[in-house]
Structures are given as structure tokens and as C-alpha cells.
Amino acid sequence: MNTQTNYGNWVPEKMFPPLFGGGAVLLAAGPACGIGLHKTVLAVVLAVLGIILLAYGAYMYRCHEEFAFGKGNMMAKVHEHLVRHLDWDGKGKLLDIGCGAGALTVRCAKAFPEAQLTGMDYWGAEWNYAKDQCERNAKAEGVADRITFEKGDAAHLAYPDESFDAAVSNFVFHEVRTAKDKRDVVREALRVVKKGGTFSFQDMFSQKGLYGDMDEFVKQLQAEGITEVHFIGNLEQKLDFVPGYVRTPWMISGMGILYGRK
Numbered sequence: 015m016n017t018q019t020n021y022g023n024w025v026p027e028k029m030f031p032p033l034f035g036g037g038a039v040l041l042a043a044g045p046a047c048g049i050g051l052h053k054t055v056l057a058v059v060l061a062v063l064g065i066i067l068l069a070y071g072a073y074m075y076r077c078h079e080e081f082a083f084g085k086g087n088m089m090a091k092v093h094e095h096l097v098r099h100l101d102w103d104g105k106g107k108l109l110d111i112g113c114g115a116g117a118l119t120v121r122c123a124k125a126f127p128e129a130q131l132t133g134m135d136y137w138g139a140e141w142n143y144a145k146d147q148c149e150r151n152a153k154a155e156g157v158a159d160r161i162t163f164e165k166g167d168a169a170h171l172a173y174p175d176e177s178f179d180a181a182v183s184n185f186v187f188h189e190v191r192t193a194k195d196k197r198d199v200v201r202e203a204l205r206v207v208k209k210g211g212t213f214s215f216q217d218m219f220s221q222k223g224l225y226g227d228m229d230e231f232v233k234q235l236q237a238e239g240i241t242e243v244h245f246i247g248n249l250e251q252k253l254d255f256v257p258g259y260v261r262t263p264w265m266i267s268g269m270g271i272l273y274g275r276k
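If you're matching positions, the sequence shown starts at 15 in our numbering and goes up one per residue.
Calculated from the structure, these hints are not laboratory results.
A hint or two may mislead.
Unchecked claim - Pairs of lysine-lysine residues, derived as DSS-like cross-links and limited to a Cα-Cα distance of at most 27 Å, are as follows:
{"#": "1", "residue 1": "Lys-124", "residue 2": "Lys-222"}
{"#": "2", "residue 1": "Lys-107", "residue 2": "Lys-28"}
{"#": "3", "residue 1": "Lys-28", "residue 2": "Lys-105"}
{"#": "4", "residue 1": "Lys-107", "residue 2": "Lys-209"}
{"#": "5", "residue 1": "Lys-233", "residue 2": "Lys-209"}
{"#": "6", "residue 1": "Lys-153", "residue 2": "Lys-124"}
{"#": "7", "residue 1": "Lys-124", "residue 2": "Lys-165"}
{"#": "8", "residue 1": "Lys-252", "residue 2": "Lys-208"}
{"#": "9", "residue 1": "Lys-85", "residue 2": "Lys-107"}
{"#": "10", "residue 1": "Lys-209", "residue 2": "Lys-252"}
{"#": "11", "residue 1": "Lys-105", "residue 2": "Lys-85"}
{"#": "12", "residue 1": "Lys-194", "residue 2": "Lys-153"}
{"#": "13", "residue 1": "Lys-222", "residue 2": "Lys-252"}
{"#": "14", "residue 1": "Lys-124", "residue 2": "Lys-194"}
{"#": "15", "residue 1": "Lys-165", "residue 2": "Lys-233"}
{"#": "16", "residue 1": "Lys-222", "residue 2": "Lys-233"}
{"#": "17", "residue 1": "Lys-124", "residue 2": "Lys-28"}
{"#": "18", "residue 1": "Lys-165", "residue 2": "Lys-209"}
Note that the structure is predicted; figures quoted are calculated from it, not measured.
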């Protein structure tokens with residue numbers, strides 16, 4: 015990773031001050047209540063809550079370091095897995111849906127040096143990513159001349175049908191709040207891929223609450239004219255670079271990849 019880049023992290027750093035600060039305050043308040051106010055039960059409750067917050071903070075920090083580019087590199091390895099499943103010659107235009115800080119877009123630019131790429135994202139205040147951050151990262155990586163970054167909504171892409179030769183997306187579709195049925199976000203992504211073009215999407219596809227029966231969904235996509243569709247579910251159990259402590263419902267659970275040719 016270029017030392018001038020900032021690709022962020024799936025675990026935002028802004029969560030650590032309240033976790034560690036709040037835990038320390040509660041842990042200190044416990045003995046104070048016990049000694050000063052003679053509230054033994056309250057003291058124990060506060061101390062236990064403080065320990066829980068500190069333990070959770072330590073767990074999340076470990077996940078943060080595992081995901082981080084240039085450290086554990088798990089985010090980079092997830093991107094690599096996605097790109098390996100994109101059967102594309104790199105000639106033409108690629109769309110990265112929900113590009114975040116541009117990490118996957120840049121990886122695709124390096125993997126396909128003849129391609130022109132578009133990275134689109136909703137961004138927004140709740141996310142630790144921004145358009146200018148993407149542009150700085152692309153410039154630092156030496157690929158800015160082939161990438162355009164645009165704001166958009168993955169549920170309503172502002173591109174005509176069959177605009178791109180390839181499309182990718184990583185852990186985005188389940189976050190799209192403007193679509194109640196996340197399968198519609200997949201269909202919208204496929205809409206802008208040219209006939210014969212390729213796609214590779216990773217998301218929480220194995221979570222039935224989000225996507226229902228994926229085998230049935232694959233059959234629906236085939237019936238709707240998608241030439242080739244492959245699905246691999248529960249990837250967190252199959253990829254050796256995903257450590258056991260992140261295979262949890264609150265971190266990574268039900269990860270899958272949907273890829274093929276339109």
C-alpha cells in the first residue's frame with residue numbers, strides 16, 4: 015500500500031474513544047461509589063459494565079488492525095478474492111458500486127491497466143469515506159487518469175442500460191437503505207452491465223433475512239437473461255485469511271460472492 019493513501023477501515027476509529035473512555039470512567043466510578051457512597055451493588059454493576067466496554071473495545075481494535083491495509087490486510091485480501099472472480103480482459107469500462115475510499119477501484123485499475131473506471135458511492139456523514147479521499151488515493155497510486163469518482167445511489171444508478179463492460183461491488187448492497195429488497199440492488203447493478211459483460215459482487219448473500227434463498231435467486235437471474243451466474247456462500251468459513259474471531263454475527267457472517275457473465 016502506498017504510504018500516502020488512506021483507505022479507512024470497516025471498523026471506524028471514531029468508535030474507540032467512547033468505548034475506551036466510557037469503560038475507564040465506569041471502571042473508576044465503581045470503586046468510588048462503593049467507597050464514597052457505600053453503594054456496593056451499584057459499584058459492582060458499574061465496574062462490570064466498564065470491563066465489558068473495555069473488553070469490547072479491545073476486541074474491536076483487534077478487528078480494526080486485522081482489517082487495516084498495511085497491517086493485517088484482510089480488507090485487501092477480500093478485494094483480491096473478488097477480483098480473481100471477475101473473468102474480464104480489462105478492455106472497456108468498469109463500475110465499482112459503493113466504492114467507499116476507492117480501495118477496490120484502485121485495485122481494479124492496477125489489475126486491468128487498459129480499463130477506464132468509475133467509482134460511485136453515496137458517501138454521507140455516517141461513513142468515514144469521501145469523494146476527495148478517493149481522488150487523493152487514486153492520485154497517490156498513479157491511476158487517477160483512468161478513474162472518475164461520482165456520487166450516486168446504488169438502488170437507482172444514474173447510468174443507461176448496458177453502460178459498462180464490467181461491474182464490481184464489495185459489502186455494499188446490504189447497506190443500501192433506499193431499497194427494501196436487496197435483491198433489487200443486485201438487479202440494478204446488472205442492468206448497467208453490457209450483454210456479455212462480467213460482474214463480481216461480494217456481500218452478506220448467505221444471510222437469508224437479506225437475500226432469501228440464494229439458489230432460488232440464481233435461478234431467477236438466469237430466467238431473467240443472465241447468461242452465467244455462480245454463487246459461493248458462507249465464505250468466512252472457507253477463506254483461510256478470515257480469522258475465527260471475526261466470524262461473528264456482529265462482524266462478518268454469511269459472506270458470499272455472486273459472479274458471472276450477463
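For each hint, the structure was consulted:
| no. | hint | verdict |
| --- | --- | --- |
| 1 | Lys-124 / Lys-222 | violated (34 Å) |
| 2 | Lys-107 / Lys-28 | violated (35 Å) |
| 3 | Lys-28 / Lys-105 | violated (40 Å) |
| 4 | Lys-107 / Lys-209 | holds (13 Å) |
| 5 | Lys-233 / Lys-209 | holds (18 Å) |
| 6 | Lys-153 / Lys-124 | holds (13 Å) |
| 7 | Lys-124 / Lys-165 | holds (22 Å) |
| 8 | Lys-252 / Lys-208 | violated (31 Å) |
| 9 | Lys-85 / Lys-107 | violated (31 Å) |
| 10 | Lys-209 / Lys-252 | violated (31 Å) |
| 11 | Lys-105 / Lys-85 | violated (32 Å) |
| 12 | Lys-194 / Lys-153 | violated (36 Å) |
| 13 | Lys-222 / Lys-252 | holds (19 Å) |
| 14 | Lys-124 / Lys-194 | violated (34 Å) |
| 15 | Lys-165 / Lys-233 | violated (32 Å) |
| 16 | Lys-222 / Lys-233 | holds (16 Å) |
| 17 | Lys-124 / Lys-28 | violated (31 Å) |
| 18 | Lys-165 / Lys-209 | holds (25 Å) |
Of the numbered hints stated above, those contradicted by the structure are hints 1, 2, 3, 8, 9, 10, 11, 12, 14, 15 and 17, listed in ascending order.
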